[in-house]
Every structure is written in C-alpha cells, then in structure tokens.
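Going by the working numbering, the sequence shown opens with residue 33, and the numbers climb by one from there.
Please note that a few of the clues may not be correct.
Capping the alpha-carbon separation at 30 Å, the derived lysine-lysine pairs in DSSO-like fashion look like this [as the list claims (entries may be wrong)]:
1) Lys431 / Lys464
2) Lys133 / Lys66
3) Lys394 / Lys431
4) Lys182 / Lys107
5) Lys34 / Lys431
Label-pair ranges, simulated between beta-carbon atoms [to be verified]:
6) Asp288 / Lys423: 17 to 25 Å
7) Lys249 / Asn157: 52 to 60 Å
8) Gly73 / Lys464: 48 to 56 Å
9) Thr166 / Asn340: 41 to 49 Å
Just so you know, the hints here were simulated from the structure itself, not pulled from any lab data. All C-beta atoms, glycine included, are put in the ideal place defined by N, C-alpha and C.
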Amino acid sequence: MKNRPVVVGIGTYQQKANFNELDEALILMDKAFKVAVNDSGNQKIKQYIDEVQVPKGFWRYRDPARWVADNNGIKDIKTSVTKIGVLQQNLINSTCNKIVKGKIKAGLILGGEARYKILRSDIENQTFEETKLTTNPDFYIKAKDDLHLKVEEDVLGLMAVGYYAILESALRSSSNKSFDEYHREIANIYSDFSKIASNNKDAWRDKSLNSKEILIKSKDNPLQAFPYNKYHCTSWNVNQSCAMIICSDEVADELDIPFSKRVYPLASSETNHMIATLQRPNLINPCGMKLAAEFILKICELNNITPNLYDLYSCFPVAVSMFAKSLNLKKNKEMTITGGMPFAGGPLNSFVIHSTIKMISKIREDNNKVGIVTGVSGMMTKQSYALWSKKPAIDFIHKDFTNNAMQIEQPIEISSLEEGYGKIIGYTIINKNNKPVSIMFIDCDDGKRKLITSSDESIIRSMEKKEWVEKKVYFANNQLVH
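Take the sequences, apply the hints, and build the full model.
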C-alpha cells in the first residue's frame with residue numbers, strides 16, 4: 033500500500049507534586065511531544081510534520097498546537113483544535129486518511145490536562161494562571177448538534193454522570209442478574225481494573241481497591257449518581273499529557289525508523305449519529321454502535337486476525353459493558369490495559385489518545401499482539417473502534433456509519449402530556465441542593481418520551497433497594513405520583 037499510515041513516535045507525561053512543581057497543560061503537551069520525538073529515534077521526523085491536532089481540554093488556549101510547533105522549530109504547518117463532542121478517534125482517523133491520500137507526510141496529535149494543578153491551587157491557596165494564547169488555530173472542528181436537550185440540562189445538568197447512571201439502570205434491568213448482584217459485579221470489574229492501573233506506570237492511581245471500597249459509599253467514595261460512587265467515575269483531576277506521531281511508511285523508511293517502533297492502524301470505524309439520551313429508541317443498544325462494531329469484527333474474521341488486547345472506554349461502567357457486548361467479550365479484567373479512567377486517569381477529551389499510546393507500547397513488546405481501542409463522545413452518544421497491529425496485514429480502512437445509523441434510528445418525540453401513565457425505562461438518584469432527587473425517563477402511553485422526577489423519600493429509598501425499571505407509574509406536572 034502506498035502511503036500506508038504508521039505510528040512511529042509516542043509520548044506520555046505525568047506529574048504528581050505540589051502546586052509550584054506542576055506545569056500547566058501547554059507545557060505538559062510540549063514535554064510529551066519531546067518524548068514522542070525521542071521515542072521515534074530520529075529528530076528529523078519533526079521536519080515532516082504537516083499538521084498538529086489537539087482535542088480541546090479544560091484549558092482556554094486558542095491554539096496550543098501552534099505554540100508547541102513553534103517551540104520545537106516546526107514550520108509551515110496547519111493546526112486544529114477539536115471541540116468536545118467530536119470523537120477523539122476522529123483525530124487519528126483524519127490523520128491516517130490524509131496520509132493515505134498524500135495530503136500530508138506526517139501528523140502530530142497532542143492531548144493534555146492540568147486540572148490537578150488547578151486543584152492544588154485551591155488546596156494550597158495559590159493563584160493558577162495559564163499562558164495566554166489568543167491567536168486562533170487554522171481550524172476549529174466541532175460537532176454538528178448539541179449533546180443534550182434543555183429538559184435534560186435543567187434536571188441532570190451538564191455533568192455526564194447522571195446520564196450514564198440512567199443508561200446503567202436500563203442495562204441492569206435487561207441483565208439476568210439480581211439488583212444487588214449486578215452492582216457487585218460492577219464493583220468486582222472495577223476492582224480488577226484498579227489492580228491493572230496499580231501496575232501501569234502511566235496510571236494516575238498506584239493503589240488498587242477492593243470491590244467493597246468501590247461498592248459502598250464512604251467519605252472517600254461519595255455517591256455521584258445512583259448507582260455510581262466516585263470510584264465508578266472517570267477521574268479528570270490529573271496532570272497528564274500525550275503525543276502521537278503518525279507518518280507514511282515511506283517517510284519511516286526514509287528516516288530509517290526501526291521496525292520495532294512501528295505499529296499500524298489496520299481499521300477504524302465510528303458513528304457520529306447524535307440523538308439526545310432521552311430520545312434514543314434503545315438506550316443501551318444504539319444501531320450505529322452495532323454497525324461500527326460489526327465492521328471491525330468482520331474485518332478480523334475475513335483476514336484471520338485475532339485481537340488479544342483491549343482497552344474499552346471506561347468513563348463509567350455502562351460504557352465498558354456496552355462495548356464488551358458489542359465485541360462479544362466476556363466481562364473481565366482483560367477489557368483494559370490501562371486500568372480504566374477512574375484509576376489510570378481520565379484527562380478531559382484526550383483519554384483515547386492515552387489508551388491508544390498504551391496499546392501501541394504493548395504491541396511493541398509482543399509482535400503477536402493485536403489490539404482494539406474504543407472511544408466515546410458525549411453521553412454514550414458517539415462511539416469508535418480502532419484495530420491495531422505490529423504487522424500491516426491489510427490496507428488501512430476507515431468507515432463512518434453515521435449516515436447508515438441516521439436512516440435506521442430516529443429520535444422519539446417528547447411527550448406533551450401533563451399527566452398520565454408511563455413505563456420507566458431508566459432512572460437515577462442525584463443530590464440537588466443537598467437533597468436526593470430521583471430522575472426517570474419514561475415511555476408514555478402516547479408512545480412518546482418524558483422526563484419526570486420525585487423527591488419522595490420512601491420512593492427514593494425503594495429505588496436504591498430494588499429495580500424500578502419497567503415499572504408502570506402515574507405522573508402529573510412532570511412529577512411521579514404513584
């Protein structure tokens with residue numbers, strides 16, 4: 033294959049220290065890039081980089097890509113910042129596709145977060161200031177639609193945990209396990225993840241947790257949105273950065289980059305069909321995800337490729353479970369090589385770059401390893417899959433199933449009923465103004481959807497002890513009556 037894309041340089045950087053010893057995200061990204069260049073074995077790779085892409089983080093820089101490029105003597109490049117709501121895998125896919133088409137010789141992808149430095153500034157009563165970068169990048173890349181409805185925002189807010197907790201309840205109800213058994217299984221899986229993270233030198237946490245420490249609420253593990261406690265959730269208060277250099281095989285040959293450094297993207301699939309959580313026809317089995325997974329599985333089947341490493345996106349347990357189901361995997365500790373986002377660290381909007389870099393390093397260690405990395409954007413809104421190998425067994429292929437999914441799956445209308453009956457399809461319990469509130473998605477008798485709530489303490493206690501999904505309820509004025 034002419035212009036076959038290959039990863040030749042990877043770098044990660046992490047800091048744990050007091051405020052004055054911590055860097056801001058811009059410096060972290062620069063340091064990760066330097067590690068990636070050194071990792072490639074040839075400093076001249078910098079001369080071939082035509083574009084730098086950065087997924088937007090918590091920071092406010094306009095064009096961090098340009099700053100890193102200038103700081104490393106890279107000229108005549110195009111830069112982009114990809115907003116939250118775009119799959120992180122999309123940056124890898126676009127770089128690979130441009131290399132295949134001969135539009136660029138090499139591309140750099142950077143990610144970085146310094147929320148831990150911000151956290152330390154509060155703890156140590158320090159002032160956190162970022163470098164001001166006010167020049168725009170060449171391209172801002174953003175999602176076409178909003179990730180949620182106003183009615184969802186008004187009740188659930190903008191934090192993802194409540195949305196995912198509702199999806200978890202739907203998955204729990206569809207399982208063959210009892211209410212308590214299901215929650216114990218989640219805790220067991222994440223305990224296994226924490227053990228993997230404790231042995232991952234790039235992970236944020238170096239201490240493993242037992243299942244009870246995850247399952248049971250405590251001062252260190254407070255409830256976030258039932259059934260999720262803190263240790264069920266991604267951890268974004270980290271100082272972590274990453275860098276990945278992708279070029280063509282021809283460039284790698286020209287620079288005499290050793291084959292030991294080269295790892296190949298074989299295939300990638302994604303779906304960007306956006307339906308608000310409340311309006312999804314099936315909360316836990318979106319058709320775009322199914323199509324994207326089947327594409328990867330079919331490629332493996334047709335080409336006698338057997339994946340044996342996985343890192344399933346792990347912002348919350350339901351994401352892991354949905355990806356495992358889509359790939360026909362049994363739930364076990366082999367679903368991650370990083371240790372998962374609560375323990376390895378979940379830097380805002382760049383974890384897939386981190387998990388891909390970890391996958392590449394694992395494949396470098398054993399030429400027989402083949403890996404799949406998955407990704408998410410939004411409230412399990414969009415999904416991606418990527419297949420990686422030491423051997424370029426097939427020509428790189430990428431498929432976007434957005435249009436296919438749009439033709440199959442349409443959003444369910446929001447009901448205008450002021451009162452009536454409906455069936456609960458998912459629910460959670462969150463604290464609002466220091467008081468517990470249950471939030472339910474229901475299928476109304478008019479065939480449409482509605483979000484209702486309840487502050488009744490007896491109902492909330494019941495919801496914490498037994499399953500309410502599939503229960504028929506009566507509502508009035510968006511409140512559960514009985």
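Consistency of the hints with the structure:
no. : hint                        : verdict
1   : Lys431 / Lys464             : violated (42 Å)
2   : Lys133 / Lys66              : holds (27 Å)
3   : Lys394 / Lys431             : holds (25 Å)
4   : Lys182 / Lys107             : violated (44 Å)
5   : Lys34 / Lys431              : holds (19 Å)
6   : Asp288 / Lys423: 17 to 25 Å : holds (20 Å)
7   : Lys249 / Asn157: 52 to 60 Å : violated (30 Å)
8   : Gly73 / Lys464: 48 to 56 Å  : holds (54 Å)
9   : Thr166 / Asn340: 41 to 49 Å : holds (47 Å)
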